[in-house]
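K.L.:
Anchor point for the sequence shown: position 22 equals 22 in UniProt numbering, and the numbering is continuous, going up by one each time.
Any given hint could turn out to be false.
As the list claims (entries may be wrong) - Simulated pairs of lysine-lysine, PhoX-like, Cα-Cα distance not exceeding 20 Å: (1) K81 / K31; (2) K195 / K179; (3) K8 / K42; (4) K81 / K8; (5) K81 / K63; (6) K63 / K8; (7) K89 / K31; (8) K169 / K94; (9) K195 / K169; (10) K143 / K153; (11) K195 / K94; (12) K94 / K14; (13) K14 / K63; (14) K89 / K143; (15) K179 / K203; (16) K63 / K94.
What the hints assert, rightly or not - Computed beta-carbon distance windows for the label pairs: (17) F71 / L101: 19 to 29 Å; (18) E49 / S20: 33 to 43 Å; (19) A154 / I11: 37 to 47 Å; (20) A149 / Q67: 43 to 53 Å.
Don't read these hints as lab results, they were simulated from the structure. Note that CB positions come from ideal geometry on N, CA and C, so glycine has one too.
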Amino acid sequence: MYGDLANKLMIETKRSTFLSELPIYLHELVKDIVQEVSDLDKDVTYLTEQQERASDIEDEDAKQINQCQIFATHLSMRRNKQCLLVYEKLRAEKIDTLCWLNIDPFIGSELKGNENSNHESKSLSANTLMIENLSHPEQDYYKQYQELALDFKAGFSDIDLSVDLEPPKDLFIDVRVLKNGGEVQTEYGSFNLIKDSQFYVRKSDVDRLIQLGYLEEI
């Protein structure tokens, strides 16, 4: 039934909004929706030709049925296009966010020296799969957006533009570990990322880990 594929795409889009990482691009589903739009466009062309041929017919019921068919088909096309645009827009916004967090899908996550080499290599191997989640146009988009962001940041070399816009209320905060990791070195000592453990740390030392989803403030 027309619209079912677009509805499935919206369900996947809604689900992805709650994920910390960008899920794989649904090539086949998007391709099928585009094909459905093309089929609907052919239907509109056929129905319009029928309407023109029947312009001299006095059967008003037949004319109204034809007009309703054209209207419903147009609505289906517009809904499919709208769902595709929503899907692409939300993915683009997620890519923008990852760019500002300095998470590069081409080389993995950069933890700026906050983690030891063993854990960093594990994180790298886990995040290199992210490049496979992007479509080719998305990869090009990320590269170009990253270049623009770097050019913009270059004018503010003394300011870290990737931090929170709101200033911290406290220098030290309580955090909870959301997923296992390696040892984290800070100016005030080190601690291990063990899921569900809690620490009292300086906020500036763990801002990056909070952004990457390893920690949450409590």
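K.L.:
Take the hints in turn and mark each one as holding or not.
P.N.:
Consistency of the hints with the structure:
1. About 12 Å separates the Cα atoms of K81 and K31, which keeps this hinted pair within 20 Å; it holds.
2. For the hint pairing K195 with K179, the CA-to-CA distance comes to about 5 Å; that is within 20 Å, so the pair holds.
3. For the proposed pair K8 and K42, the alpha carbon gap of about 23 Å is over 20 Å, so the pair is violated.
4. Between the alpha carbons of K81 and K8 the distance comes to roughly 14 Å, so the proposed pair stays at or under 20 Å and holds.
5. Of the pairs offered as hints, the one joining K81 and K63 is violated, with about 27 Å between alpha carbons and a cut-off of 20 Å exceeded.
6. At roughly 34 Å between alpha-carbon atoms, K63 and K8 are farther apart than 20 Å, so this suggested pair is violated.
7. For the hint linking K89 to K31, the alpha-carbon distance of about 17 Å falls within 20 Å, and the restraint holds.
8. Among the hinted pairs, K169 with K94 is inconsistent with the structure: their alpha-carbon atoms are about 27 Å apart, more than 20 Å.
9. Distance check on the hinted pair: K195 and K169 sit about 25 Å apart at the alpha-carbon level, beyond 20 Å; violated.
10. Pair hint K143 plus K153 holds up; C-alpha atoms about 15 Å apart against a cutoff of 20 Å.
11. Pair hint K195 plus K94 does not hold up; C-alpha atoms about 25 Å apart against a cutoff of 20 Å.
12. Distance hint between K94 and K14 is fulfilled; the C-alpha atoms sit about 13 Å from each other, no more than 20 Å.
13. The suggested pairing of K14 with K63 is violated, with an alpha-carbon distance near 40 Å, which exceeds 20 Å.
14. Proximity of K89 to K143 is assessed by CA-CA distance (about 17 Å); at most 20 Å being required, the pair is judged to hold.
15. Taking the CA atoms of K179 and K203, the gap is about 18 Å. The hint holds against a cut of 20 Å.
16. A threshold of 20 Å between alpha carbons decides the hint, and for K63 with K94 the separation of about 47 Å lies outside it, so the pair is violated.
17. The supplied range of 19 to 29 Å is broken by F71 and L101, whose beta-carbon atoms lie about 45 Å from each other.
18. The beta-carbon spacing between E49 and S20, approximately 51 Å, falls outside the hinted interval of 33 to 43 Å.
19. Between A154 and I11 the beta carbon distance is about 41 Å. The supplied range of 37 to 47 Å therefore holds.
20. Against the hinted window of 43 to 53 Å, the Cβ-Cβ separation of A149 and Q67 comes to about 50 Å, which satisfies the hint.
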